[in-house]
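Chain residues, written in single-letter form:
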Amino acid sequence: MTEKNSLLTVENLTVDFHSAAGAFRAVNDVSFHVEQGETLVILGESGSGKSVSASAVMGLIDTPPGEIVSGRVTYRGTDVTRMSEERRMAFNGSKVAVIFQDPLSHLNPVYTIGWQLDEVYEVHGKAKGAEARRRSIEVLRRVGIPDPETRVDWYPHQFSGGQRQRIMIGMAIALGPELLIADEPTTALDVSVQAQILDLLKELQREEGLAIVMITHDLEVAANMADRVIVMNAGEIVEQGRARDVFAAPQHDYTRRLMSALPDESSYADHGIAKTAEPILQVRDLSKTFTLSPGLLRAPKSLRAVDSVSFDLRAGETLGIVGESGSGKSTIAKMLLRLTNATSGEALFHGNDIFEMDRAALLKFRRRVQMVFQDPFSSMNPRMSVFSIISEPWQIHPDILEKSRWRARVGELLEMVGLKPEHADRFPHQFSGGQRQRIAIARALACDPELIVCDEAVSALDVSIQMQIIELLAELRDRLGLAYIFITHDLPIVRNFADRILVMQAGQVVEMQQTEAIFRRPEQPYTRMLIEASPKPKWEQPKRIPA
Amino acid sequence: MFTYVFRRSTQSMAAVVALLVLVFFLARLTGDPAYLYLPLDSTEAQRQAFNELNGFDDPIYIQFFRYLGDLAQLDFGTALSRNRPAMEVTLEAFPETLKLATIAMALALFAAAVVGSLAAARPGGVFDRLATTISLAGASAPDFWVAIVAILVFAVSLGLLPTSGTGSALHWIMPIGVLMLRPFGLLTQVVRGSMMGVLSQPYIKTARAKGVARRRIIFVHALRNALLPVITVAGDLMASLVNGAVVVETIFGWPGIGKLMIDAIVRRDFALIQSTVLVTAVAIFVMNIVIDLIYAAVDPRIRHQQT
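Chains as they are written, first to last, in the UniProt record's numbering: chain F, 1 to 547; chain D, 1 to 307.
Simulated from the structure, these hints should not be mistaken for laboratory data. Quick reminder that beta carbons are idealized off the backbone N, C-alpha and C, glycines included. Treat the hints with caution; some may be incorrect.
[What the hints assert, rightly or not] With beta-carbon atoms standing in for the labels, derived distance ranges:
(1) A141(D) x R426(F): 16 to 24 Å
(2) R426(F) x P202(D): 25 to 33 Å
(3) R72(F) x P202(D): 22 to 30 Å
(4) L22(D) x K301(F): 35 to 43 Å
[Unchecked claim] Residues from chain D that keep clear of chain F, each with C-beta distances beyond 12 Å, as calculated:
(5) D58
(6) I204
(7) V246
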C-alpha cells in the first residue's frame, strides 16, 4: 500500500507514553501514507491516538515520557524521527507546518501577531526586519484578515476565534510548506466560522497544491474535507480507504457505530405532549444588560446580552435554544435558575415570578428546576465521591428523603442513568466524560425536578457519546415526564430530541418554531445559514476547476 | 493610564496619612526623650525646660495638630539627635539605601531568571537539582549570620574586602552579595515554577512546530510569560529591601535609611522617625504603582483592560 514516492510515509509506528502507572500504548503499529496535494483525514474519538502520529512527524513528542518504540516516519525518503536538532528546526515550519485546535492558547499572548509571523521568516533565514514584516502583512491578507497593515500590530486576544485560526494558518503557510497538518482546526469554533475556515483550507490547497492531514473527531468535517479517510480507535487503524467508500459502506464495526451516531435526518421527535397542558414556565420580555467597566479612555458601555426574549414551556416539553457563542443563550439559562438577576422582564414558574421569590420560595423552586452543565470535568468537586455528589441535594432539602434510604436511592438513580450502584463509592476522575455527564444527570434527578436546563450538556463529549446522552435524556423524559430547556450551538443535534427550537443571535430571538418546521422551512436567513453551515460531504460538493 | 496613576496615587496618599498618624502616636509611647538628650544628672526643672522648648509638654492632641500644620507647610521638624532638619538627614540616607537595594535586586532578578529558566528547561536534571539546592539555601539563610560569616572570611581571614563602611567599590561587594541572597533564592524558585508551567503551554508547542531554536523558545517565548508572577514577588522583596535592610546596613555600617531609622527609634528622635517612615512609605507606594505599570508593559492583556 505504501508507495515509494509518497510525500509522507508512516510505517509500523508504535508510540508508548510512560507514567508512574506504567506504559500506555498510544499508537500501535500504524502505517499510512500521504500523497502530494491530497487531503487525508484521520478520524477518531478522543484517546484514539489520532494526534500522536502527527506529533511524531513534527518531533513534538517529548521523550520522556513518550517513546517511539518502533516504526519510521519518512518525508520524501528521509526518516524524520531521527533528525538532529538543527535539521529538525530547519524542517519544521518550512516543509511541514501544523495548526492546532484552540488558536488562542496556541498563540503567544504577550507578543503581537506580527512579531510571531516575522519570526517564522527570521528563524528560517528567509527575510529580516522590514522585509519580513512586509511578507507577514501579505500572508495576513492572504488568509483573509481585514486591514492587515494595522492589525499586524495587534495581540492575539484582540482577534475573534475564527481570525485567530486564520492567523495560525497564515503562520503555517508562510514558508510555503508541502504538507499541512491540521489537528482539530475547527473544533473550538462556531459552525458558520468553521465553514469559512474549511473553505480557506480548501482554497489554499487548490492554489498551492498543499497536502493536508486533517485530524478530527467530527464526521461532517471529515466527509467535507477528505479524499481518503483513516479511522482510528484505541491506537489502531481500524479502517481506511477512499472517503466516499468509507462513509457509504463502512466495513468495521467501530466505523459503523461512529456513522450511526450522526443525527439522522429522517427520524424526528414526536412523543405526544398534551398541547393543551398549562405552561409550567412563562418567560416574558426577559432582558439582561451587562455594564462593561469603564476603561481609562472609555465611557462605560453596556452590552445587551439578552434582549426581550419570551417563550412558554409546557410540562414534558423540550425546548431547544440554539445560537452561536455570544448569542446570549447561556445567560438565559443563568437567569432562569436565578444564578444571575434579570435586568427586566419576568419568568413565571407555575405563575410565580422567579425574580420576586424570597429565600424560602427560591429554595423550593430550585428543587423543581435543575441544571446540567457543559463541562462534566470541572462542574464536579473532585474530592467528593459519587455518593456524596448525588446525595448532596438531600442534605439541603432534608424533607425529600430520610437518611436511611439514601444509599438505595443513589443506586436506583445510577441505574436509571445507565451506571451501576457500586459506582457510588468512586470519585469523578475515575469516570469518562460521558459517564460523568450521566452522574451529573443523576444528581439533577435527585431532587425529582420538573424541568432540567441543559447548558451545552453534550458539547464536550465525543459524537457517539453525545447521542447516547441525548437518548438517555429522551428516555428519562418519557419515563418521568420531565421538561427540558436544551441549550446548544449545534443545531442538527437537537433534531431528534427537541419539540420546539428557539434560534438566538446577538441576544435576540431570530425564530421560534416546531423542530421539523425549522429544518424544513427555516424562515430567517440566519437559521438557514446555521442549518447549511454544517459541512457537506466532499463528493456532493460541486467540482471546481483548479486555477 | 493617567487616570489610573492618579487614582492609585490618591488611594496611596490616604494610606500614607493613616500611617503617619499611627507612627506619630506609637513613637510617643517609647518614652520621654528628655531622659536621653539631657545628662543623667539633669534636674526635673531642666527636663521641664527641654520639653517646653520642644513642645513635648503640650497635650498630645495639640502636638498632633501642630505636626499636621507643619506637614502642610512641608516642615518636617528638626532631628534632635543631629540638630538638623529631619527631612534633610533622611534624604541624605535614602539614596544610599535605594542604590544598594536596586543593584542587589537587579542582580538577583537577572541571576534568578537565568538559573530558574535553565533549571526548568530540564526538570530533575543535574543543573535543576543543583539550582534548587542553592536557591533553597539562599532563601533560608539568615542574613545577619551570612553577613557576619562573610566579614569573618573575606575581611578578617582573607583580608580581601573592607569590613564595613563606604568609600571604594570594594565596599559594595559584601552588602550587595548578602542582600541579594534571599531575593535570588526565592525568585529562582518562582521563576522555575512559573517557567515549568509556561513551557507546557500550547504556544510553546507552536513555537517548536515553527522551527524556533530551544534556547530562543526558553528565553524569548517563555520567559516573558513566566515573568508575570515573578514581578509580583520581586516587588514585595524590593519593598522589604527599601525599608528593611536594617540588619545588613547596621552590620556593614552602611549610612542608609534602615540604619537611620533604628538610630532614630533608639534615640527617641520623633521628627526623624516620622520623616524616615514618610519617605519609605512614599517610596513603597511609588514602587507599587511602577510594578503595576511594568506588569501592564509585559502583558498586553492587562494593558488593554485598562486602556
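Item to check | R72(F) versus P202(D) beta-carbon gap, inside 22 to 30 Å or not | outcome: Roughly 28 Å apart at Cβ, these two residues keep to the hinted range, so it holds.
Checklist entry - Regarding R426(F) and P202(D), is the given constraint of 25 to 33 Å on their beta-carbon distance met? => result 31 Å, holds
Checklist entry - So is I204(D) really clear of chain F, every C-beta pair being over 12 Å apart? => result 8 Å, violated
Next on the checklist: Is 16 to 24 Å respected by the C-beta to C-beta distance linking A141(D) and R426(F)?
Outcome noted: Since A141(D) and R426(F) have Cβ atoms about 47 Å apart, the given range 16 to 24 Å is violated.
Checklist entry - Are all beta-carbon distances from V246(D) to chain F longer than 12 Å? => result 37 Å, holds
Next on the checklist: Using Cβ atoms and 12 Å as the threshold, tell me whether D58(D) really stays out of contact range of chain F.
Outcome noted: Per Cβ check, D58(D) is outside 12 Å of chain F; nearest 47 Å; holds.
Next on the checklist: Taking the Cβ atom of L22(D) and the Cβ atom of K301(F), is their distance within the range 35 to 43 Å?
Outcome noted: 41 Å, holds
Of the numbered hints given earlier, the model fails hints 1, 6; all others are met.
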